[in-house]
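**Q** Chain by chain, the residues run as shown.
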Amino acid sequence: MTTIASPRHGASPASAPGGGGRRRRPLRGRLLTIYTWLVIVWLCLPIAVMILFGFNDTRGRYNNTWQGFTFKWYGRLFQIQDLTNAMRNSLVIALLTMVVAGGIGTMVGLALGRYRFRGAGATNLMMFAAISSPEIVMGASLLSLFVTLSVPLGFVTILIAHVMFSVSFVAVTVRARVMTLDPALEEAARDLGAGTWATFWYVTFPMIFPGVLAGGLLAFALSIDDFVITSFNAGGTTTFPLWIWGATKVGLPPQVNVMGTLIFAGGVVLAIGTAMAGRRRS
Amino acid sequence: MSARLRARLTPYALLLPGGLWLLIFFVVPLVAMLSLSLQQGDIVNGYTMTWHWQTYVDGVRQYHEQIIRSVVYGAVSTVLQLGIGYPVAYWIAFHGGRRKSAYLFLLLLPFFVSFVLRTIAWQFFLSDNGILLGPLKDIGLVTQDFHILARSAAVIGGLTYNYLPFMVLPLYVALERVDPGVVEAAHDLYASRVQAFLRVVLPLSLPGVFAGVLITFVPASSDYVNASILGGPQNSMIGNVIQNQYLINQTYPTAAALSFTLMAILLVGIFLYARALGTEDVLEAAAR
Amino acid sequence: MHEHIDPALLRGLTHRRASRRDLFLLLGAAGAGLALSACEIQGKKAPSSKQGDVRKYWAGKQKNGHVDFANWPLYMDPKHPELKKFTAATGISVRYKEVIRDNAPWFAKIQPRLAAGKSIGYDLMVVTNGIEFSELVELGYLAPLDHTQLPNFTKYAAKKFKQETFDPGNVFSVPWASGMTGIGYNPQYVKAPPTAIADLWDPKYKGKVGMMSDSQELGNFGMLVNGVKPEASGPADWTNAAAKLKDQRDKGIVRKYYEQDYIKPLTSGDVWLTMAWSGDIFQQNVSEGTNLRFVLPEEGATIWTDNMMIPKTAVNPVDAIMLMDFFYDPRNAASLAEYINYVTPVPSTRDIIRSDAAQASGDDKKSLEQVADSSLVFPSEADYARLHSYRPFENSQEKQQYQSVFLPLVQS
Chain A
1 MTTIASPRHG
11 ASPASAPGGG
21 GRRRRPLRGR
31 LLTIYTWLVI
41 VWLCLPIAVM
51 ILFGFNDTRG
61 RYNNTWQGFT
71 FKWYGRLFQI
81 QDLTNAMRNS
91 LVIALLTMVV
101 AGGIGTMVGL
111 ALGRYRFRGA
121 GATNLMMFAA
131 ISSPEIVMGA
141 SLLSLFVTLS
151 VPLGFVTILI
161 AHVMFSVSFV
171 AVTVRARVMT
181 LDPALEEAAR
191 DLGAGTWATF
201 WYVTFPMIFP
211 GVLAGGLLAF
221 ALSIDDFVIT
231 SFNAGGTTTF
241 PLWIWGATKV
251 GLPPQVNVMG
261 TLIFAGGVVL
271 AIGTAMAGRR
281 RS
Chain B
1001 MSARLRARLT
1011 PYALLLPGGL
1021 WLLIFFVVPL
1031 VAMLSLSLQQ
1041 GDIVNGYTMT
1051 WHWQTYVDGV
1061 RQYHEQIIRS
1071 VVYGAVSTVL
1081 QLGIGYPVAY
1091 WIAFHGGRRK
1101 SAYLFLLLLP
1111 FFVSFVLRTI
1121 AWQFFLSDNG
1131 ILLGPLKDIG
1141 LVTQDFHILA
1151 RSAAVIGGLT
1161 YNYLPFMVLP
1171 LYVALERVDP
1181 GVVEAAHDLY
1191 ASRVQAFLRV
1201 VLPLSLPGVF
1211 AGVLITFVPA
1221 SSDYVNASIL
1231 GGPQNSMIGN
1241 VIQNQYLINQ
1251 TYPTAAALSF
1261 TLMAILLVGI
1271 FLYARALGTE
1281 DVLEAAAR
Chain C
2001 MHEHIDPALL
2011 RGLTHRRASR
2021 RDLFLLLGAA
2031 GAGLALSACE
2041 IQGKKAPSSK
2051 QGDVRKYWAG
2061 KQKNGHVDFA
2071 NWPLYMDPKH
2081 PELKKFTAAT
2091 GISVRYKEVI
2101 RDNAPWFAKI
2111 QPRLAAGKSI
2121 GYDLMVVTNG
2131 IEFSELVELG
2141 YLAPLDHTQL
2151 PNFTKYAAKK
2161 FKQETFDPGN
2171 VFSVPWASGM
2181 TGIGYNPQYV
2191 KAPPTAIADL
2201 WDPKYKGKVG
2211 MMSDSQELGN
2221 FGMLVNGVKP
2231 EASGPADWTN
2241 AAAKLKDQRD
2251 KGIVRKYYEQ
2261 DYIKPLTSGD
2271 VWLTMAWSGD
2281 IFQQNVSEGT
2291 NLRFVLPEEG
2301 ATIWTDNMMI
2311 PKTAVNPVDA
2321 IMLMDFFYDP
2331 RNAASLAEYI
2341 NYVTPVPSTR
2351 DIIRSDAAQA
2361 SGDDKKSLEQ
2371 VADSSLVFPS
2381 EADYARLHSY
2391 RPFENSQEKQ
2401 QYQSVFLPLV
2411 QS
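Protein chains in written order, with the numbering used here: chain A, 1 to 282; chain B, 1001 to 1288; chain C, 2001 to 2412.
Quick caveat, the hints were computed from the structure, so don't treat them as lab data.
Note that the structure is predicted; figures quoted are calculated from it, not measured.
Note that the Cβ used here is the ideal one computed from N, Cα and C, for glycine as well.
Looking from chain A toward chain C, a few residues come up when the C-beta cut is under 10 Å (computed):
(1) Thr148
(2) Pro152
(3) Gly246
(4) Thr248
Model the full assembly from the supplied sequences, consistent with the hints where possible.
**A** This is the structure:
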């Protein structure tokens, strides 16, 4: 006679991790596992396609059908001058954004995390608004400003836009880090006679550095991939995502796949590297 | 300068560059856009401020289809992401073990490839005679004129794909905080697995659901890249209209009015949503 | 990462402020109102050009040895033989970029730079006779041409191309090529060749039809399918045409509204038939080995002229005008027409192409003879009777009215 697990029974099967008998749990648990892996595969599918077609031995203008395996595009990476320029623009802008947004964002994060002052609420609100605003509204409004003031669009306006939307992300990251710090350490430094600048540089900054680094890397990543805000404010200058967008109409050359693959690989290596470094430190 | 005064001024000094930057390039542009939306004219003859509120009415009347469609697409893709992403977040949080961060990393892997490139890869994959449909058509499983692209399903699929990690991460963070001891306690109190989930885990994860929906719905409904690459003329979203008006037609007043309308709709949505779950949560999300 | 907000802070953020704040708010709003109205943008309309302007513009300009040329795709042999010949003859290097895909996006891209008086990065560009060209003229963004530097044009261009209504006297532009908009289709998927614009509305091609996003191209086809001549159309005709086009779109027949990028989907089968430009189909077949076909529909087709012009802020205008004139040498014009298959403004090329055909052999001979006899490259008077130009506009109100009717169709 099969006993149905009823709440009346003492050691109810539900309380034991085995569930309703040893056989059921592994299947249900396994189902969820399979599902999760399916989702992960689905997420990575277009990346696989992109990487694969960077090795396509295509002869015509279009990289549409598989025609054979080759490494030649890796050698001819910088063959298309416009693409190389666009890539260079993207990298330079991302680096500058990282530095500028990283700098002023850290300052804001310090202010918000450490001090109580009037206007903190308004600043928090502004940060929140900048993070959650739709990109198209941010880009379009910035363009409206530039149009009204007749500012010529180009490299500088792209940089301004990128710093604008990165600052809040950096500030929030740094603030989170700052709030976990023990103010006693800084007080101790000051008790030992260190001035404000020395305290900051030798005590505070090393402690918040992981937050600053994370914020800076976040700014870099956001900037190099930004499309919507950039397309509104770029004028004649092209960045990597903008070039891709323009080139889809005539067909993407394999060099784009290769560049995408290299950026992907670089990002992965960087992420794994920081994770391992972090683990080693702790 | 006394130390006291300096201490009082430090936060303001720190705040100044960043705050000023955001003020000038985030807040002021919104004012400029509002101003532009009330002007009339064209490139050749210039624009004059006439407080022409009619532009808003005309814009909404002409493009209400796209506005509604954007909200619908955004909502559907958000719900889909919740449905797809919640089990994944659950699995990683409860069954991830030591390799939790590795799984999260795998989840974030697509972000290492440019957004535009990811979407174009999908367009390539789903093209009419491409990798997926070509063989199906050759076998005859599907008619010759069948197409996945240029349909709302393709656009919603693209939106769901591109913003899924935004949904999973907050869900994971919230689920990870759930003490497994609480779940065990529920089991000890004779709750079935389903009951334990519905009455213990799910309510505890609601802040994560709230945050996830918030950071997913807004970008999804204002997106235009997915609609442009994967969609057809009947799938255009309000983002496409705004982009066209600004960058190709250069009809700035209408474009600005539509942009403002979109922002207003989303803001109203957020605040209604926050009201439904309590104002504190909005600020908590802000503080995070 | 989960911080609790200090309840005092939370209270401070949410409780109602004192009434003095309200007064400030009011004053602030009033100030904002003033600020908003101060944000007006000046018009950029330029005074009309006079003969003295030509001398003024070209005074002191010199040959620099380089020219940046922006053009549409499929308007030159990819190996650029004519440009190489030009460089060999004059020593001027040419940077040729196929960056123009449609008039409206190109205009939107260059307008801000021209408005700011900056170079657009190109000294020579090719724009169609239409709304954008007339705006370029109105805004004074084009350099008036010095015809003393265009001897080949004066000598060899057909009279027809010197009397165009959109630029009488060729003050700002000289034609590059003329072309026709018809229907391109892929016979692999379209068994019964389309013969009329109405075929683009056929429900059996649902989701497989391409239309153009240019408002003047689209409007013309909408009017022609209704039996209206675009040149003589009025606002009522436009509304009817827009309704017909909207019907096509709402039924899901249109796959997408294209700029010049219809050629790739037509090749890959995403689209089976589409509005297309005459020479594109031919060139695609030659360069990619496809088997696409082009047809002029029976209701009529559109003819347009793409023109070379020099933006006012060009860095190398003298080199640009030399390149302009180079393409009016019949030998060079023939070389161009042989490849691009568009209507050439130099009629004497026909004989040159015939003699080239006589000297060639095999496939080359056949294709050259085809070009020489093609009504797509050398249309007869009878052909011209079936072709319609864009609707010309008297003033900017008409233009805006037209745009407001057709642009909403293509928002995508």
